[in-house]
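Undergrad: Given next are the chains, with one letter for each unit.
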Amino acid sequence: MANFNLNINGKSHTVDVDPSTPMLWVLRDHLNLVGTKYGCGIAQCGACTVHLDGTATRSCMLTVSMVGNSEITTIEGLSENGDHPVQKAWLEVDVPQCGYCQAGQIMTASALLQKNPNPSDEEIEMAMNGNICRCGTYIRIKKAVKLAAESNT
Amino acid sequence: MTTTSSALSRRSFIKGSALAGGGLLLSFNWLASCKLTPEEARALPKEWFQVNGFLKIGDNGMVTIMSPNPEGGQNVKTSMPMIVAEELDVDWDKVIVEQAPLDTEAFSFQFLGGSQAIRRGWNGLRTAGASARQMLREAAAQAWNVPVGEIETSSGTLHHKGSGKSAGYGEFASAAAQLPVPESVALKDITDFKIIGTSQKNVDAKKIVTGQPLFGMDTQEEGMLLAMIIHPPAFGMKLKSFDASKAKTMPGIRDVFKVKVLEDDYVRQHFDTCTFLEVVAVVGESTWDVMNAKKAVEVSWEPFEAYSEERVPYGGPAMTLNIPAGLENSEDHRQSMEEMAMKGATVARRDGDPEAAFRGADKVLERTYTAPFLAHNCMEPMNFYAHVTNESALLKGPLQKPELTEHALSERLGMPIENIDIQMTRLGGGYGRRSYAHWLIEAALISREVNAPVKLVYSREDDMTGGIYRSTYHATYRAALDKDNNLIGFHVKAGGIPESPLYANRFPAGAVENYLAESWTINSNITIGSFRAPRSNFMAGVEQSFLDELAELAGKDPIAFRLELLERAKNDPVGERNDYDPERYAVVLELVREKSQWKDGPSQDKRGVSAYFCHNSYAAHVLDLAVDNGRPMVQKVTCAIDCGIVVNPDAAQNLAEGGIVDGIGNALYGELTFKDGVPMKKNFDTYRMIRMTEAPKQIEIHFVENQIDPTGLGEPMFPPIFAALANALYQQTGKRQYDQPFTI
Ligand code: FES
Ligand code: FES
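Sequence order for the protein chains is P and L.
Residue 72 in this note's numbering sits at position 72 of the first sequence, and the numbers go up by one each step.
Residue 164 in this note's numbering sits at position 164 of the second sequence, and the numbers go up by one each step.
Chain P on its own, in the form it takes in the complex:
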């Protein structure tokens, strides 16, 4: 066990955990930030996606000891009032079915738009390909990413 100072959603947190603990479980079990989801634990499904210094990162394979001073943003910290352009687009298109994968989808999409505000269809598909949606909402996800891109420009 060791103490780690973490910068999450603009606030600093201290946790006392095993250094091998994935950030996913630090967020969910220790900080009660349960918006970040567990789907596979092996970086295959994208449900656990957070931003690490602005880059979409699978938190299930990111151990707490690797984080250092980097800034982590989770779905809870993406915007103050749930009004990030990507969240707004998701509501407008009414994307979710069961909804379980959607936090991860939104985090991947918002990181993409941060780097590439006007992605092509193919760029969207490539960026989102690491996020599985068993309910099959892909068409709406793509539509919402495009809508968010448009509303940004």
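FYI, nobody ran anything at the bench for these hints, they're computed from the structure.
Since no wrong hints were added, every one of them can be taken at face value.
Below 20 Å or equal to it, Euclidean Cα-Cα: the simulated EDC-like pairs (lysine to aspartate or glutamate) are:
1) K142(P) x D650(L)
2) K146(P) x D650(L)
3) K636(L) x E125(P)
4) K636(L) x D121(P)
5) K207(L) x E92(P)
6) K206(L) x D83(P)
7) K206(L) x E92(P)
8) K142(P) x E694(L)
9) K206(L) x E76(P)
10) K146(P) x E694(L)
Only a predicted model underlies this, so the values are computations on that prediction, with no experimental measurement involved.
Since the structure of chain P is provided, determine the placement of chain L with the ligands on it from the hints.
TA: Quick look at chain L with the ligands alone, frame taken from chain P:
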């Protein structure tokens, strides 16, 4: 207007009026458990009045509607309350939706499954809204001293024309809640609907996109421990012994012990399937502690002996299941299915003289199809929260058949059902898997053992290797054509391990003079369960692939060929047990033909068609395909569906799109194989799921407009898409697809 008095809703009113005995009922549970948005909090009334089991009305006219059924992405939590709001005659933006707990007195059929929620809920939900509206009118009539028949409503307001009086529902909520429930009420005319048929957004969407806790996995309670299980690594194995001495000393670990999920003498009902009767539970303070400790438990397993088990299937008589011993292999499965298909089987239906038809045929087509076991792979792994004490049990989490699971839990704990409270969280997918809630019982037993609240979580690997799969199937189809290419004989022989997929009375039964349907099964110790559109998910794909090949042999356009058969079934049906309506079936085919701009002819350019009836609804697809570097790319799916009245069109469209994407994914990639009883895939690195690059570029959904009471939508899209894809692949590549997953 129709008048309704249904036994189904009566129960909820008895309960509702009992609750409302004092007129005012403040539900503390509800306020405590409900997380409200700031707008909702501002709009909250000071007092709520429970009018019946489905709804309460606030003193300011806000309405809370209980959504009775589990929500797993089918959008019932929005669409079921919409139906109540319609008949209550309130504006949708005045409605707060709340997930109802399991309450068998207040509600009936609190199931997620069989695409039945809206169909079976329809009358009860309408009656609930209409009866509350009637009680409000009565209350106003008494206060204003005017005949109730003269009181009209609109948008949550009561009016009396003659006196010019008007008041919001909130003013009369208290009085209405004290009135007797009407014996019967008038329902709106369908053409007067204002909410039903309009697209309303998912009521949980804001919470989903902001990451607020909604799912069972998100449950956090004071003093709650985390638990995981270790189950046998192979089907055919059971727990022999374990040594947890090391694991118990690991940081954060509270206890490691054996859990016996069901007692030996318990007579299992349909949804009590439980793959591994004994598992090892590891309990600790955090998920990561427990995951690590699991690896340190030394467990030995041993093969089990063959056994039989009594089962009471859902709605059927008791039966005996024979579970063989042994470690099974997919290769052996394939071989035994081939052998079994050659033997005699149980005749499920026979019309005319099929043997003579085949003897006298000009052409005979025979084809065999197979499909593998499938894992459900809900994105939210199986989990449940339990807090069990000597007196009571509180359970909370995602499940599809709470009412049935409650029975099993009550037996296992030896606790009366009244002391058990099962609460439903949003399901991160179900697709049938969460109908078999053995993990709820496991969670309860673990909580009782450690005497603390516990959240049991399955790892993805535990989930994917834990059984309750879609069966593996096999079907041989034969058809006889006369010299004019009329279909004179049809024979389907279908079976599977361990379940047969056959539906003997489905199309083209009823459209062919000489028809034979046969069924067989092979026992297995690999457990199975419902999987999105059970059995249909195989039968549709293979039947519709076969009909496509048959149309080609007959030199006919595939849609015209099907319509010709449906015409026969309509005008001069063979047999009486045909379970489909040929007219509605033909309508979806005609609609998809029109909308996809189908060009008639026996040879189609890179597109495939398919249609099917299941779960009381009719669906037809046309799928356009390209192949890019050996990878099939679905360009467009055009779909026509008849599911009666569509309650929430945009949400219905979302669900239909999902069924199509899911079907394409399973057709191309879905497969679980076994070696010596061990599932060969454990996680998404090897179990391939459809991803965005592989999803159709475009999906167009067309609903047949009619005034028929709504039927299922969660499942009917799914089965026929397999064949639309197979038939399009054939047009592209010249190769027919006989085995799933498809290969190019
Ligand atoms: S849980 Fe991290 S990618 Fe699946
Ligand atoms: S919405 Fe259910 S998994 Fe994506």
